[in-house]
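Input sequences plus hints: build the corresponding full structure.
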Amino acid sequence: MARTGVIICHCGSNIASVVDVERVALAAGQMPGVTYAATNKYTCSISGQDMIKQAIAEHELDRLVIASCTPRMHETTFRKMLTKTSINPYMLEIANIREQCSWVHTDKEKATEKAIDLVHMAVAKVLKDQPLFTSSIPVHKKCLVVGGGIAGIQAALDVAEAGYEVTLVEREPSIGGKMVMLDKTFPTLDCSACISTPKMAEAGAHPNIRLMTSCEISAVTGYIGNFQVTIRQKPRYVNHDTCTGCGLCEEKCPTKVTNLFDQSLSKRKAIYKLFPQAVPAKPVIDSEHCTMLKSGKCGLCSKLCPLGCINFEDQEDFITETFGAIVLATGYDLIDWAKAYPEYGGGKYANVISGLQFERLVNASGPTEGHIQRPGDGAEPKTVVIVKCVGSRDPAKAKAYCSRACCMYAAKHAHQILEKIEGSKVYVFYIDVRTPGKGYEEFYDKTRADGAVYIRGRVSKIYEEGGKLICKGEDTLIGKQVAVEADMVVLETAMEPAHGSTETAATAGVSADKDGWLTEAHPKLRPVETQTAGVYLCGTAQGPKDIPDTVAQASAAAAKVLGLLAKDELETSPMISVVDAPKCSGCGFCEQVCPVKAISMVDVPSMYNGKRVTRTVAQVNSGLCSGCGACSAACRTGCIDLLGFTNKQILEEVDALWQE
Amino acid sequence: MARIDAENWEPKILAFCCNWCTYTGADLAGLNRMKYPDNIRIVRVPCSGRVNPQFILRGFQKGYDGVLVCGCHPGDCHYTSGNYFTRRRFLLMKRLLEYAGIETGRFQARWISGAEAAKFRDTVLKVTEEIRALGPNHRMKEADDHE
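Residue numbers (numbering that gives the first Met the number 0), protein chains in the order written: chain A, 0 to 659; chain B, 0 to 146.
Read the hints as simulated data drawn from the structure, not as lab findings. Watch out, some of these pointers could steer you wrong.
Here chain B is said to cover these stretches of chain A; the calculated rule only asks that three of the stretch's residues, wherever they fall, bring their Cβ under 8 angstroms from a Cβ of chain B [to be verified]:
(1) 109–123
(2) 450–457
(3) 630–643
(4) 647–655
Label pairs and their computed distance ranges (CB to CB) [to be verified]:
(5) Glu108/A - Arg32/B: 18 to 24 angstroms
(6) Lys34/B - Lys523/A: 29 to 35 angstroms
(7) Ser510/A - Arg94/B: 44 to 50 angstroms
DSS-like cross-link-like pairs, simulated, lysine-lysine; straight-line CA separation at most 30 angstroms [unchecked claim]:
(8) Lys109/A - Lys34/B
(9) Lys127/A - Lys140/B
(10) Lys460/A - Lys424/A
(11) Lys647/A - Lys140/B
(12) Lys140/B - Lys125/B
(13) Lys582/A - Lys118/B
(14) Lys125/B - Lys513/A
(15) Lys40/A - Lys34/B
On a predicted model such as this, the values are computed, not experimentally measured, just so you know. Note that beta-carbon positions come from the ideal geometry of N, C-alpha and C, so glycine has one too.
See below:
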């Protein structure tokens, strides 16, 4: 027979001024299974807790109901208290008679009746409570960072510096991401490569960091503290263990290929380093274009390599490793503006370029060694039009969101043109100018003072006439059509999630929003966590942002990782789903509704009509289950139940008021 | 709970509220000392997706005059997708109950966030009045429960 204790809290006068607590205690004393019922002025206080502990010992109570404030307030307090008594902390139910009774009702009689009902429901539930025990799972003290842009590099360095091992996976042949393509960074105008390449080198040389370039993650199983990740190593055809990066192969390779790192503004070889400062500083072979790999002819690099590093037989490889935490830093791409904006020429005018192409043009290590030259004829443009919000804030054609960094890099581009080309003119078409950041507004002001002309309005059409690009649009401030004759047009295009990033995230159990940006656990309070415990995100994978915000978020993600890796073991909530396997029909509904992939279908041996058979049943991973109970409501045979909120318990609560 | 007598009849409403949104919203209503009718009894569940249709049927069987299921707004579920299942499940449930002769309005589902204390109060006010207008639930109540 259950021996339930019921404590009715006065909460000073918060409850007692509306609810007749003595009457509630009297009624509670009459309820089946209740051994002891009493009131207390301040149950959560030390003396209140002592009084409960004493009652538990004196009356040999085996479960407890506390009628007080909301369980969201003090459930944890009282559970903690119970750990010091003979009662299991989960043999506790709280009746919410403050927030949901005394504070919202004025009729004392009716409020007291309701309080009695609520206590009755809690008693009915507590009678079906069973002791639950937290279990612990070991934490594998190793972190995986997916994406080797500035976000991934920063996160990897922070975790590695704290003394934990990090594997940094990058699908390109070098880390560096987008930042290393840029020339200068706003608003300080320090050279992007000068501040990012030392970080790349540091990551490449760090004893705690293992770089895995030309790699992608192909499968993730397991759960927080224990993720088994399969990494696909794409064939590089160059043995990086022996290669010294002398560059002879690249120099002599006869095949020229469009250089995507230079945004198609130059050519590279079929055996190539992604860019001069690449980390690792070793080449790979582009299998799509290498004539040896395509037709078996050439092999010049193989003949020339003094160390015999070239291996045309190289195959892809799969490596499986265990990690305690995963950071997704998969970054962004720019939208394909040519498709979305045929009115801007749709790519047919060589001198209409994207912002990232401009970055390469103005970059000292770019195709023109930093001289701003028109891609069409190499001439120096005297008049340049910059168009902002190409694809951003334009739901009809591309994206509804603001890409956040473009206003500032448009100002930077304007500044660079005015600075580098004497007598040049820059016109910036804009919808709004958004400069929220330290020193940002001042930078924009300076650009205008330098002579950049800002025209408020979208460009409606760009066409070529007499060797000039005519940009037509409306100046909405004066309400007139304008046309600017330009030598070159720079389109500041919208960011979008890097191609393949949503698929990569889905592999790790992380969802994305309608635009493909990865979803954080809470937009304000858990900005670098995801719904999958142990998986974190940072940088532009989560949404458009500039470099300072990206780096800050990367360090935040690293801090979260360190908080996890610093633990030897994780305590898991025992309020999770359990399967009554003999009743399970193996329909798999629960597996489909589980938001955290905690349920899998497994084959178990069974007997049927005296014969050995194999049955498929659901199995819950206690490390992954978040205790939502969706599986339980979906289960057709009622074999999955949620501990702490079992079907039986909820039905008892519903029935409680009619069980006299 | 007081027995039904025709003169002093008050509707009894059973509500299932998810821990993360509506239960929190109800708590906030209390914190702001908002007032609403005392006809409602709230059962706390982790997620509206936890609410088994059986719980609702049992509520009606036992004599509740109305049942309310409340959760986070679609898209805001603490567990990502639970309330989408709730939404689909209870669209069907509503039609089933109507088919079984239960008046429309006895069973309702609402999305109330943890910040929407006023919406919680207004919902309780409105639902209570709607169910009061429908009168006592006779149709599904177990025959032997009340004389």
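Hint check results:
no., hint, result
1, 109–123, "holds (count 7)"
2, 450–457, "violated (count 0)"
3, 630–643, "holds (count 4)"
4, 647–655, "holds (count 5)"
5, Glu108/A - Arg32/B: 18 to 24 angstroms, "holds, 19 angstroms"
6, Lys34/B - Lys523/A: 29 to 35 angstroms, "holds, 30 angstroms"
7, Ser510/A - Arg94/B: 44 to 50 angstroms, "violated, 30 angstroms"
8, Lys109/A - Lys34/B, "holds, 13 angstroms"
9, Lys127/A - Lys140/B, "holds, 25 angstroms"
10, Lys460/A - Lys424/A, "holds, 20 angstroms"
11, Lys647/A - Lys140/B, "holds, 20 angstroms"
12, Lys140/B - Lys125/B, "holds, 23 angstroms"
13, Lys582/A - Lys118/B, "violated, 42 angstroms"
14, Lys125/B - Lys513/A, "violated, 34 angstroms"
15, Lys40/A - Lys34/B, "holds, 24 angstroms"
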